[in-house]
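One letter stands for each residue in the lines below.
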Amino acid sequence: MTLPADPPQDAELVERLKTRDEAAVETLMAHYEARVFSLALRLTGNRQDAEEVLQDVFWQVLRHIGSFRGESKLSSWIYRITTNAALMKVRGRPGRRELPLEEALGPAMSPDGMIAEAVPDWTRLPNEELERKELAQRLAAAIDELPPDYRAALVLRDVEGLPAAEACEVLGLSLPALKSRLHRARLFLRKRLADYVTARHPALTRSTPRSDDAALP
Amino acid sequence: MLRCRDTMSLLHDYLEGTLDPDLRRQLDEHLADCPGCLGFLNTYRHTVSVAGDFRSEDIPAELRRKLRSFIKQKIEKRSLLARLRGKLRGSSS
Numbered sequence: 000m001t002l003p004a005d006p007p008q009d010a011e012l013v014e015r016l017k018t019r020d021e022a023a024v025e026t027l028m029a030h031y032e033a034r035v036f037s038l039a040l041r042l043t044g045n046r047q048d049a050e051e052v053l054q055d056v057f058w059q060v061l062r063h064i065g066s067f068r069g070e071s072k073l074s075s076w077i078y079r080i081t082t083n084a085a086l087m088k089v090r091g092r093p094g095r096r097e098l099p100l101e102e103a104l105g106p107a108m109s110p111d112g113m114i115a116e117a118v119p120d121w122t123r124l125p126n127e128e129l130e131r132k133e134l135a136q137r138l139a140a141a142i143d144e145l146p147p148d149y150r151a152a153l154v155l156r157d158v159e160g161l162p163a164a165e166a167c168e169v170l171g172l173s174l175p176a177l178k179s180r181l182h183r184a185r186l187f188l189r190k191r192l193a194d195y196v197t198a199r200h201p202a203l204t205r206s207t208p209r210s211d212d213a214a215l216p
Numbered sequence: 000m001l002r003c004r005d006t007m008s009l010l011h012d013y014l015e016g017t018l019d020p021d022l023r024r025q026l027d028e029h030l031a032d033c034p035g036c037l038g039f040l041n042t043y044r045h046t047v048s049v050a051g052d053f054r055s056e057d058i059p060a061e062l063r064r065k066l067r068s069f070i071k072q073k074i075e076k077r078s079l080l081a082r083l084r085g086k087l088r089g090s091s092s
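Those sequence lines, one after another, are chains L and E. Here numbering that gives the first Met the number 0 is used: position 183 in the first sequence is 182, and no number is missing along the way. Here numbering that gives the first Met the number 0 is used: position 49 in the second sequence is 48, and no number is missing along the way.
If you are wondering where the hints come from, they were derived from the structure by calculation, not from laboratory data. Careful: at least some of the hints might be erroneous.
In silico lysine to any residue, SDA-like type, Cα no more than 25 Å apart, as pairs [said to hold, decoys possible]:
{"#": "1", "chain 1": "L", "residue 1": "K17", "chain 2": "E", "residue 2": "R77"}
{"#": "2", "chain 1": "E", "residue 1": "K71", "chain 2": "L", "residue 2": "W58"}
{"#": "3", "chain 1": "E", "residue 1": "K73", "chain 2": "L", "residue 2": "E32"}
{"#": "4", "chain 1": "L", "residue 1": "K190", "chain 2": "L", "residue 2": "L161"}
{"#": "5", "chain 1": "L", "residue 1": "K178", "chain 2": "E", "residue 2": "V47"}
{"#": "6", "chain 1": "L", "residue 1": "K72", "chain 2": "E", "residue 2": "D57"}
{"#": "7", "chain 1": "E", "residue 1": "K76", "chain 2": "L", "residue 2": "E14"}
{"#": "8", "chain 1": "L", "residue 1": "K190", "chain 2": "E", "residue 2": "D57"}
{"#": "9", "chain 1": "E", "residue 1": "K76", "chain 2": "L", "residue 2": "Q59"}
{"#": "10", "chain 1": "L", "residue 1": "K72", "chain 2": "E", "residue 2": "R54"}
{"#": "11", "chain 1": "L", "residue 1": "K17", "chain 2": "E", "residue 2": "K73"}
{"#": "12", "chain 1": "L", "residue 1": "K190", "chain 2": "L", "residue 2": "S109"}
{"#": "13", "chain 1": "L", "residue 1": "K178", "chain 2": "E", "residue 2": "D27"}
{"#": "14", "chain 1": "L", "residue 1": "K72", "chain 2": "E", "residue 2": "D27"}
{"#": "15", "chain 1": "L", "residue 1": "K72", "chain 2": "E", "residue 2": "I70"}
{"#": "16", "chain 1": "L", "residue 1": "K178", "chain 2": "E", "residue 2": "S8"}
{"#": "17", "chain 1": "L", "residue 1": "K88", "chain 2": "L", "residue 2": "D143"}
{"#": "18", "chain 1": "E", "residue 1": "K76", "chain 2": "L", "residue 2": "L161"}
{"#": "19", "chain 1": "L", "residue 1": "K88", "chain 2": "L", "residue 2": "R62"}
The following residues of chain E were derived to be distant from chain L, with all beta-carbon distances above 12 Å [as the list claims (entries may be wrong)]:
{"#": "20", "residue": "A50"}
{"#": "21", "residue": "R63"}
{"#": "22", "residue": "G85"}
Everything numeric in this text was worked out from a predicted model, so none of it was measured. Glycine residues also receive a C-beta, built at the ideal position from the N, C-alpha and C atoms.
Given the sequences, and given the hints that come with them, work out the whole structure.
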């Protein structure tokens with residue numbers, strides 16, 4: 000029987016890292032470097048910054064490993080150091096500080112609270128008319144527009160796929176606060192994609208599908 | 000009866016699967032009857048799904064090398080400093 004190589008057991012790895020065990024340092028980097036780089040790249044939106052964050056994070060982890068008490072998972076601690084280091088890079092940049100309110104990011108509503116405009120559902124378009132790659136390009140630009148706190152919530156949850164509880168721990172947020180930021184960030188990105196698709200396929204806003212042929216979730 | 004305005008704030012929990020069962024049933028009924036909200040849900044969900052494409056499990060080999068040489072240098076510098084401090088303490092006592 001072979002035991003799984005990943006993930007390394009936190010407690011044992013941490014103890015070995017405290018003695019600067021070379022093999023442990025390599026295990027740490029091999030296991031976390033791609034995740035740290037991926038997170039840093041999407042948070043900073045810039046390769047050069049992400050490279051600096053990568054090096055900075057591992058050196059911080061090794062320098063401060065003596066103070067790691069194991070109250071959170073090692074991965075959460077590393078994500079937190081990465082998020083803080085990456086957000087330091089972007090906080091000084093000019094850009095949005097707030098997002099529009101939820102109501103402004105959804106469809107126009109009638110006074111009685113019903114949708115008052117056609118909602119372009121691009122998921123109904125055939126692949127050859129709208130490529131996923133094309134949408135991904137627009138989405139990357141829109142993520143870079145998000146204010147840092149919203150970007151962090153979205154990247155941790157939707158890009159890196161962290162469970163909500165872990166994302167809360169990394170960001171020091173309550174579950175409702177995380178949910179609120181994530182939802183608004185998603186609404187903003189959805190709107191950016193909707194505006195792009197509508198400009199390219201104006202017919203989508205004219206052809207609201209009948210309910211009986213709409214695909215149910 | 001749910002209105003479209005109510006559905007917007009339920010999308011997060013709906014996708015998460017954490018919506019109260021009764022509310023979920025009401026939302027399902029609304030979606031079956033409201034192409035606008037269904038289109039909104041589909042595109043909201045698709046946005047989340049495309050964001051997942053950015054997740055990368057890879058790191059360029061050149062970056063892996065740079066990281067290792069950076070960390071090695073830092074550790075060596077630190078242990079050299081520690082040795083020097085030790086010697087200084089030894090010679091001053």
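- Message: Check the structure against each numbered hint from earlier and tell me which ones fail, lowest number first.
- Response: 8, 14, 18, 20, 21
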